[in-house]
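J.: Line by line, the protein sequences are chains A and B. Counting from 1, position 82 in the first sequence corresponds to residue 82 in the working numbering; the numbering is continuous, with no gaps. Residues are numbered in the working numbering as their position in the second sequence, beginning at 1, plus a constant of 469.
These are computed hints drawn from the structure, not numbers from a lab. Be careful, since some hints might not be right.
[Said to hold, decoys possible] Computed beta-carbon distance windows for the label pairs:
hint, chain 1, residue 1, chain 2, residue 2, range
1, A, Asp169, B, Ala478, 49 to 55 Å
2, A, Arg305, B, Ala478, 19 to 25 Å
3, B, Ala478, A, Val189, 22 to 28 Å
4, A, Asp165, B, Ala478, 56 to 62 Å
5, A, Arg400, B, Ala478, 32 to 38 Å
6, B, Ala478, A, Gly168, 17 to 23 Å
7, A, Pro397, B, Ala478, 36 to 42 Å
8, A, Gly376, B, Ala478, 51 to 57 Å
[To be verified] Derived BS3-like pairs (lysine-lysine); straight-line CA-CA distance at most 25 Å:
hint, chain 1, residue 1, chain 2, residue 2
9, A, Lys214, A, Lys143
10, A, Lys192, A, Lys224
11, A, Lys231, A, Lys214
12, A, Lys53, B, Lys479
13, A, Lys51, B, Lys479
14, A, Lys53, A, Lys70
In this text the structure is predicted, and so the values were computed from the model without any measurement. From the three backbone atoms N, C-alpha and C, an ideal C-beta is built for every residue, glycine too.
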Amino acid sequence: MTTAATDRCASSRGLQFNTGNGNTLQPLDIGHNDYLGLVDPDTAFWALIQKDKLGEALSPGPFLQQYREKAAEFAAEMDRFRFAVTPSAVYFNPTERCNLNCSYCYLPETLRQDGRHMPTAEVLSALEILKRYFLSTLPAGFKPQIIFHGAEPTLNWEALLAAFDRYGDAFRFGVQSNGTVLSDDQYDVLMKRGVAIGLSLDCAVDEIVTRTRKTWDGHSIYAKVVHSMEKLRGYPNYSVICTVTGENMHQLVETVDFFHQSGVSTCMLNPVRCTRQGARDIKPADQDISRYYLAALDRTEELYRETNRRLVVANFANILIAIMAPQARRLMCDISPCGGGRSFFAVSANGDVFPCSEFIGVPAFNGGNLFHDRIGAILKTPPFKLVTGRKVEDIDPCRRCAVRHFCGSPCPAEAHQMNGGMDRTGAFCELYEDQVRYAMRLIADDRHSAFLWDDWDRDTTTTFELNAC
Amino acid sequence: MKTTKRSDAKRPIIATRKSCNPNGTGLSHYVMMDSKK
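Pulled out of the complex, with its shape left as it was, chain B reads as follows (with noise of 0.2 Å):
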């Protein structure tokens, strides 16, 4: 996962967003586990 450790000291905002191409996306009540694409 490419996120990375925050210090101990409690930042004032936390904010991210990550994006990635929609296509592909989604099942509903079953999950296949292997890659997206």
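Bound conformation, chain A alone (with noise of 0.2 Å):
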């Protein structure tokens, strides 16, 4: 497949820019003193103009020339980025049950309730088959990663440690946790093993926690989660998942404050993944979340310089990256065609394989059964066809969008769930134009490097530097 940027079919050289066949560079303004963006919403190149310098940069000149010469090859990259990742990490859930009853979930609260673990024989016999699905299709020792993921997967904490035990050496394991089940042996287990460990907490305060994360009867696990926090302080693999919804979004600030007062270094601040009605009647306005997640950003920023210590956004970060090196991403929602069955897949607690474990509660996305069906067959079923071939070109406005690739338009569950197809857009398309701009102008700044992790461009090559004007 490709896009746009490469299938070129007019007659156009495409020697001059914004005509023909030539590359589209749309300016930006992304709210700073000085600077202008321009961007290529086709390869993902940008650059920050100087606004008294916008039209001697447009004209012929270094600056084009060098975009020019590298723009093809640009286009090449983010199709291969785009089309040509085979997956390398599997959503495992190794139990259909969960001992809380959050509001948002997106899985359905009878399964939640009432559903069944995965044997232990049978997780370990789902992961030898990944084992040699992936051993077949990833380079030689190269480890994919299997994340145990919920409903809460230490409930079948058995078979998670059969797990660990027999295939340690042929996967990168990691757990997310609501953090209310393990006792602190439990989590020296984990450490021991180097198992990454993300657990779940939705703000500072307890009462506002409960509105949305409870047991069943509606009880508060805010001290167990507190207390798991305390025992991970330090563990280097280890990072907290704060989901933003309308009853927590005005206490952002306040979170990452005691994150950071807790250790945790990395952190995502996930707006919520509004699949299911139980989510979307807690959904923030775009505006409204907007200005609350970018207050945070500024803390954690203002944090940093006051304690030499990061918190990082990964969320945040990995739309920084996407700008500065749009492969290098951490994370594939941001993205189209997301990572949903493209370079992640999620594997039910029986064995049934969807793009994405947002789409576990929606029966028309089960792709096979892990027992049954071959993965590679799986993967180019019709249900995974639909979100692996869902892409910004299809989308309105997303087409004519010029950070469509630093987006990717997420969640195509929730564009089918809420918005009726995936030719539709997610659920939070402003809050991405706010988080570009507010990327955009920390780089103008030269205050990006506060919002990453210190090695995040540790496998890349500078591809381009301008070196003119």
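Can you join these two chains into the complex? Each is in its own frame, and there are hints to help.
T.: Now the structure itself:
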């Protein structure tokens, strides 16, 4: 599959910008005193231009010449990244059950309350199938990732332990937990084995957390999660997810303060995924979540300046990285097609395979069963093709949006379940508009490193560095 | 991070891009903190 960037059919030689087959450069007000953005939406190339130099930059000269020489390479790079990667990670639900009843969960309540654990033998059998599949598709020596996910995966502790024992050399393991089940000794087991651990906490205020994350009888889990966070303090392979809703967005600055005080080095401030009605009921308006979200980002920078210790907001760092090195992203929601079904897929507790865990509660997106169908065939089924074929060029207004490759119009599950189809946008368009502008302002002021991991560009090489003007 | 601090004088144009092998990229709503490969 190719896109408009590489699939040229007009007679134009593409010598001129913004006409014919020439590259497009869209100016973008980024809310900066001195700089405007200039973006080629097809190649995700960008430049920041001093406002009084825009005319000069867009006239024949070294800037346009240097970009023209690289444009085809960048277009091909984006096409490879968007259409040629193969899966290397699996979200694996070892149980359907959860001990919590969170308002915005993307899994149906009946499953979480009365579902089954996958028996340990089946978990091991599934991992063997996955191991063999990845041995046949990934380069030698590459370790795919298995993320035990939920529902609450640690409820099936025995199966997890068996998996780590037998397949610790075959996979990089991670666990996303609600932080209310494991004992200190069990956390020690995970840390000793180097398992990545993600916890979930939505706020520093117990009462606000309990509005959306609570036990089935409505009780608080706040103290247990905070205890787990304290136990994991200093563990490098650990992060915390805060799901941002209309209930907690007002507290985002205080939340990042709390995370930083608790020694968290990476968090995610994920806007609630509106796949199910329970989440849509507490969906904040774009402009509201955006205001609080950007204030929280501001606060993380202040904390870094004050303490010399970062709290990286991974989902924002991913936007920054998408701008500076599109292929170096760590998260694959913010590109189209998204990572669902193409860089990762999800396995439910009965072995059914879905493009992403967001789809596990939507039977129409079941591509087959791990125990009965070949993975390669599952990835080519119509439900998977619906997701892996969803691209911004087919969505309005994304097809004319300058930041479409820094956003990706997430998420297909929301587009399908909330907005009526795969050719619709996801839930938080304006939040992405604001994040990209914020990121570009940081780059303009050379402040972006405060928002990134030290080694974010370790495996990259510089392919464009303007040396004119 | 392999970036150089810019001088106080603002550059008329800022434009950089880095590339890498995209294989092994990415999850969705979860981030693994150890190395990518």
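J.: Taking the hints in turn, state whether each one holds.
T.: Tested hints:
no.	hint	result
1	Asp169/A / Ala478/B: 49 to 55 Å	holds (53 Å)
2	Arg305/A / Ala478/B: 19 to 25 Å	holds (23 Å)
3	Ala478/B / Val189/A: 22 to 28 Å	violated (55 Å)
4	Asp165/A / Ala478/B: 56 to 62 Å	holds (59 Å)
5	Arg400/A / Ala478/B: 32 to 38 Å	holds (36 Å)
6	Ala478/B / Gly168/A: 17 to 23 Å	violated (53 Å)
7	Pro397/A / Ala478/B: 36 to 42 Å	holds (38 Å)
8	Gly376/A / Ala478/B: 51 to 57 Å	holds (55 Å)
9	Lys214/A / Lys143/A	violated (35 Å)
10	Lys192/A / Lys224/A	holds (21 Å)
11	Lys231/A / Lys214/A	holds (21 Å)
12	Lys53/A / Lys479/B	holds (12 Å)
13	Lys51/A / Lys479/B	holds (12 Å)
14	Lys53/A / Lys70/A	holds (22 Å)
Violated hints for the displayed structure, listed by number in ascending order: 3, 6 and 9.
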